[in-house]
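Chains as they are written, first to last, in this note's numbering: chain A, 1 to 338; chain B, 1 to 338; chain C, 1 to 338; chain D, 1 to 338.
There's no promise every hint is true.
Stated by the list, open to error - In the BS3-like style, the derived pairs of lysine-lysine whose C-alpha atoms are separated by at most 30 Å in a straight line are:
#1 B:6 to B:90
#2 A:196 to B:319
#3 A:261 to A:149
#4 B:319 to A:48
#5 A:261 to C:6
#6 C:6 to D:156
Said to hold, decoys possible - If we take Cβ atoms under 7 Å as the criterion, some of the chain B residues that face chain A in the derived model are:
#7 83
#8 90
#9 92
#10 170
#11 174
#12 302
#13 305
Honestly, the hints are just simulated from the structure, not real lab data.
Please read these numbers as outputs of a predicted model, since none were measured by experiment.
From the three backbone atoms N, C-alpha and C, an ideal C-beta is built for every residue, glycine too.
Number of protein chains: 4
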Amino acid sequence: MIIVLKPGTPDRDIDDVCRRIEGIGLRAHVSRGEQRTIIGAIGDDRFKARLQALEALECVESLVPILQPFKLASREVHPADSVVEVDGVKIGGPRLAIMAGPCSVESESQLRAVAEGVKAGGAHILRGGAFKPRTSPYAFQGLEEEGLKLLAAARKLTGLPVVTEVLEPDKVELVAEYADVLQIGARNIQNFSLLKEVGQSGKPVLLKRGMATTIKEFLLSAEYVLAGGNPDVVLCERGIRTFETTTRFTLDLNAIPVIKKLSHLPVIVDPSHGTGHWEYVAPMAKAGIACGADGLIIEVHGNPAEALSDGPQSLKPDKFARLVGELRALAHAIGRTL
Amino acid sequence: MIIVLKPGTPDRDIDDVCRRIEGIGLRAHVSRGEQRTIIGAIGDDRFKARLQALEALECVESLVPILQPFKLASREVHPADSVVEVDGVKIGGPRLAIMAGPCSVESESQLRAVAEGVKAGGAHILRGGAFKPRTSPYAFQGLEEEGLKLLAAARKLTGLPVVTEVLEPDKVELVAEYADVLQIGARNIQNFSLLKEVGQSGKPVLLKRGMATTIKEFLLSAEYVLAGGNPDVVLCERGIRTFETTTRFTLDLNAIPVIKKLSHLPVIVDPSHGTGHWEYVAPMAKAGIACGADGLIIEVHGNPAEALSDGPQSLKPDKFARLVGELRALAHAIGRTL
Amino acid sequence: MIIVLKPGTPDRDIDDVCRRIEGIGLRAHVSRGEQRTIIGAIGDDRFKARLQALEALECVESLVPILQPFKLASREVHPADSVVEVDGVKIGGPRLAIMAGPCSVESESQLRAVAEGVKAGGAHILRGGAFKPRTSPYAFQGLEEEGLKLLAAARKLTGLPVVTEVLEPDKVELVAEYADVLQIGARNIQNFSLLKEVGQSGKPVLLKRGMATTIKEFLLSAEYVLAGGNPDVVLCERGIRTFETTTRFTLDLNAIPVIKKLSHLPVIVDPSHGTGHWEYVAPMAKAGIACGADGLIIEVHGNPAEALSDGPQSLKPDKFARLVGELRALAHAIGRTL
Amino acid sequence: MIIVLKPGTPDRDIDDVCRRIEGIGLRAHVSRGEQRTIIGAIGDDRFKARLQALEALECVESLVPILQPFKLASREVHPADSVVEVDGVKIGGPRLAIMAGPCSVESESQLRAVAEGVKAGGAHILRGGAFKPRTSPYAFQGLEEEGLKLLAAARKLTGLPVVTEVLEPDKVELVAEYADVLQIGARNIQNFSLLKEVGQSGKPVLLKRGMATTIKEFLLSAEYVLAGGNPDVVLCERGIRTFETTTRFTLDLNAIPVIKKLSHLPVIVDPSHGTGHWEYVAPMAKAGIACGADGLIIEVHGNPAEALSDGPQSLKPDKFARLVGELRALAHAIGRTL
């Protein structure tokens, strides 16, 4: 951390800032420039959150962080790519991982048909929501435990491992009984109680970036799970909020190479939520793979116009299968497999 | 809701859309224009979330909502201003309500000093965090139940009712034992499990807008609490995320008159989190009151440079008292009291 | 356009709105719902900008546009893809078009070396700035006409046509003397005087999306050029402004399939300005092609650490050549050529 | 500027960076920390734009600016508030300055009525657009020179000085013949050719923040005008682009105290464009004054529902007069006059 002082700061204030830095357990290094005096706080300041409070001093103009605020999630500490394995499906290696299924689990017949469809179409993992976070209290809120049971049945039928969302700390145990991967949704990316809980669950975690979450904050949320002792974190870019309204969110694919530079964790793309319209899912899925994502999570529904949630962004099974075929050619062209 | 069809949609598809609308329990009204045929879905569609799925049909160009998606929170249904009363303090009437206190409860002596300071300075309600949502897992996470006890002791000492944040559904009961107002923080504005729980708590709720929450989504989150049977909701604007970085967030004061138009609920402003710098707290507090807010929530700390959280945005008690004095003159000028 | 009336609007006000709609030359169609009365203004309202003023009436709740506001740029009016031809290079057909070169023209030797480098690396068009829009008045402002002459000399040397930016209406004629394509930069996307002027220049125009320009506004800016009689418009996505700061802008690749749906105009991607860091240029270039862009514009510099502008986002010629090789394989995989 | 090096950077690369810094005319100061080596570039780097290119070096992790990039606009260089005087009206002193008038000059009778109305209502300066930047080529583009003449006539009639927008460098002379203040609109805030031209015009300039312009960029645009020799710059906050859609833009009032801290220039608020709805103009006008703005610019029209542009955000003259009365009380309460 660098502390920039206001012009004309007297020596006694400089000394005071140095004493405070040393009181926190770091070393202070003063550098007097022509325009500004700056003080470097030397040492690993990631565990020194109190440093931030120095900005409250009247003589301090600004604080400038030098280190990234996360550690376990950083590529600096862990240079090699991490691979998360789910029942034999590897996420993060040369082979791409495709997760697909309906937004919501609606019924046994709906889920069975979609599960068989996405398996035939080339998916490796089945997605489906049992607990649904809905913007409106009047919208379908999910089948809850009944939905989890249907997911487990679909896994038995198809052999596909299952990823599903968990919304509350005290439901983690229940969801972990049925699911192979615990999904933390975009709206819960800074639900730190929930992050701590899945950090202790022993299950792989799919962490979706929030709609207003910077990449650094996203990696800090991953740090919560890693710091809880769970190394199996998969990140997911799913669109951020911007001024543009032709898409539901703005899928930020720049996040893929940025995360690959800053972190060792695998990262996948959700083009369904990211765009909100099925017509844009295929092109953005391809773009996600082309810029280095380790996989995709795609919404598929047998009858989107009757879906209880997110119909407009769902592919039909045949369109999904065609997309996977196109992705296979693309993967090959960039030196990966599918 | 209006369904806009693609140009050249054949009659059998128009009929199909009408049948689907009627199947959901609404009436369909077709209007053929020169460029587009549109179909109005007539009736109260707020409880008809499935309508949205029609956008998945190939013949549908777009869906255009006509009604606001919330009902209990709307001024249309409840034209008069709501007033929320907390232990004799009214929020939403002609008199402004001032909440103040430290970001985090840190110790008995810290809290006692601040509580007495803000009471002397003119605050009506004491704020203080016991459970802290922190971006970094390495930052101070709050004193938890011990913090709640200190808040209760400070209330006894000063007579000020207490507002504090609750982070998890299964902590609502605990926090409600000690607090007079339950705060839902910005990061939990779409934590729907938590919203449902505080909807049943019997305590007034202070709901902070999320950093990427539209005003309509904000009112839908309020709708969750109201629909749970709890009419005592106070809204709080605390800054949204934009590209501007000289402030920590962009306090969106436009939200005040917009909310006053759309809703009957009282709304206050948090200039501390909204700007992130103590120097901007006083001007933005005044601006919030000038555009119609019903009150303020302001961070005050006896020694900001040693604060365990949010020091840079905290006022010292003397600056807070001076601000309340200035606000009193301002309130009078716009026909309110303080 | 649909005019939504406030609840309880009396008949005389409904009649008044209808009369005003008819006075503008459209037909009015009243539809009385349970919750709202709405009035459709039937006819082509794109030339009826005065319709917007009806929102000022006290009885009007909101206005809802049904048609896209642009016409010549729309795919509805012109269903087939447009191809813009520049000296034999086709932009918009099956073959991808690659534009490359330095941010600024700095000297004869610098430009010659880069021009030969990008030609050898596989570029089809040479880019280079002679008039530079710089955020700071103290930054290098370009070689101006001298730069244009150097570009013309580089074209002669390499055979590559030249694209360069024009900043002012009264410089269009001068720039058009030397350049094959006139670039309108992001900061001038709503410089309507300039758009009108290039609409009459007889030269192809490369139109870069502004950093806060919605896709609809972007197509309206294209409409200015098209309405001026110039059909040769190439659109370019180059990043929008969001809250994320690890990239200089947020390259919005979603714009590619959205524009392809709404418009017939060719569209390319600028991964250099879009990300601001050379390490992200290759992955985002690939992603741009994968989601359907018709080409790329990439900054290349022989010695980025000495560049007078935008060094951090420039590729060296060898990295550029390697990227083009990788793009060739990718193009093949998605059914295009390079 | 601080140059942060990647971990493990060898000494010869550190030396190379130092040599480059010294080659630019600054001094290099190396500081070796536990986690990172950083190099301070000491001296006034605002005129050293080439420093930025060092980020292109492979050994450089990031560049961190310490000084603000503007100088003439900064309060550091010019601690006292600047006051801009227009025909006896002072902008920036204790008395607030109110500019008002129609969005567009439409006709002699329209302008005369509004001009007399705003004068009677308490305005000090008349606004009105003769050259109009319109998003759609099919919208009314202004009366051009005829409009300027009508403005001059209205000045003669009312005694109010006139502010009007100029869109092109080669129209600056013409507009300056008629106008007392030259307005640079939001869409031209980075039209640097135009900024240079008004910097030499000898007329006060009203500079409106762009919809995606950071406050630092805004002050750099002011720096263009100041560096051209024109000290009479008035800044205007008029709303930025965010995800929120209930207002046309998000009026960013935080900019007022931030600009007051960073700069000596006077700053006013445009609540009409900032919100886009007349109902929000009065509350946001008050908020602007409460947080320290030096004045307002407000759109007023005799018959908003027939306005050729921006009717929905225009006040009628009687509402304007009432607002000025309310502002007078408010100004008094915060120690200013009106």
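Okay, the hints, checked on the actual structure:
1. Straight-line distance between C-alpha atoms of residue 6 of chain B and residue 90 of chain B comes to about 52 Å, which puts the hinted pair past the 30 Å bound.
2. Distance restraint check for residue 196 of chain A and residue 319 of chain B: the Cα-Cα separation of roughly 38 Å exceeds the 30 Å cut-off, and the hinted pair is therefore not satisfied.
3. A C-alpha spacing of about 39 Å is found between residue 261 of chain A and residue 149 of chain A, which places the hinted pair above 30 Å, so the restraint is violated.
4. The hinted pair formed by residue 319 of chain B and residue 48 of chain A meets the criterion: a straight-line CA distance of about 28 Å does not exceed 30 Å.
5. Distance check on the hinted pair: residue 261 of chain A and residue 6 of chain C sit about 53 Å apart at the alpha-carbon level, beyond 30 Å; violated.
6. Pair hint residue 6 of chain C plus residue 156 of chain D does not hold up; C-alpha atoms about 42 Å apart against a cutoff of 30 Å.
7. This hint is violated: residue 83 of chain B has a C-beta 23 Å from the nearest C-beta of chain A, more than the 7 Å allowed.
8. Proximity of residue 90 of chain B to chain A is violated relative to the hint, the smallest CB-CB distance being about 27 Å (cut-off 7 Å).
9. At a threshold of 7 Å, the smallest CB-CB gap from residue 92 of chain B to chain A is about 22 Å, leaving the interface hint violated.
10. The restraint placing residue 170 of chain B at the interface with chain A holds, with a minimum CB-CB distance near 5 Å, inside the 7 Å limit.
11. Using the Cβ-Cβ criterion of 7 Å, the hint placing residue 174 of chain B at the interface with chain A is not satisfied: the shortest such distance is roughly 13 Å.
12. The interface hint given for residue 302 of chain B is broken, as the beta carbon of that residue sits about 12 Å from the closest beta carbon of chain A, more than 7 Å.
13. Hint on residue 305 of chain B holds. Least Cβ distance to chain A is approximately 5 Å, under the 7 Å limit.
In the structure shown, a violation is registered for the earlier hints numbered 1, 2, 3, 5, 6, 7, 8, 9, 11, 12, in ascending order.
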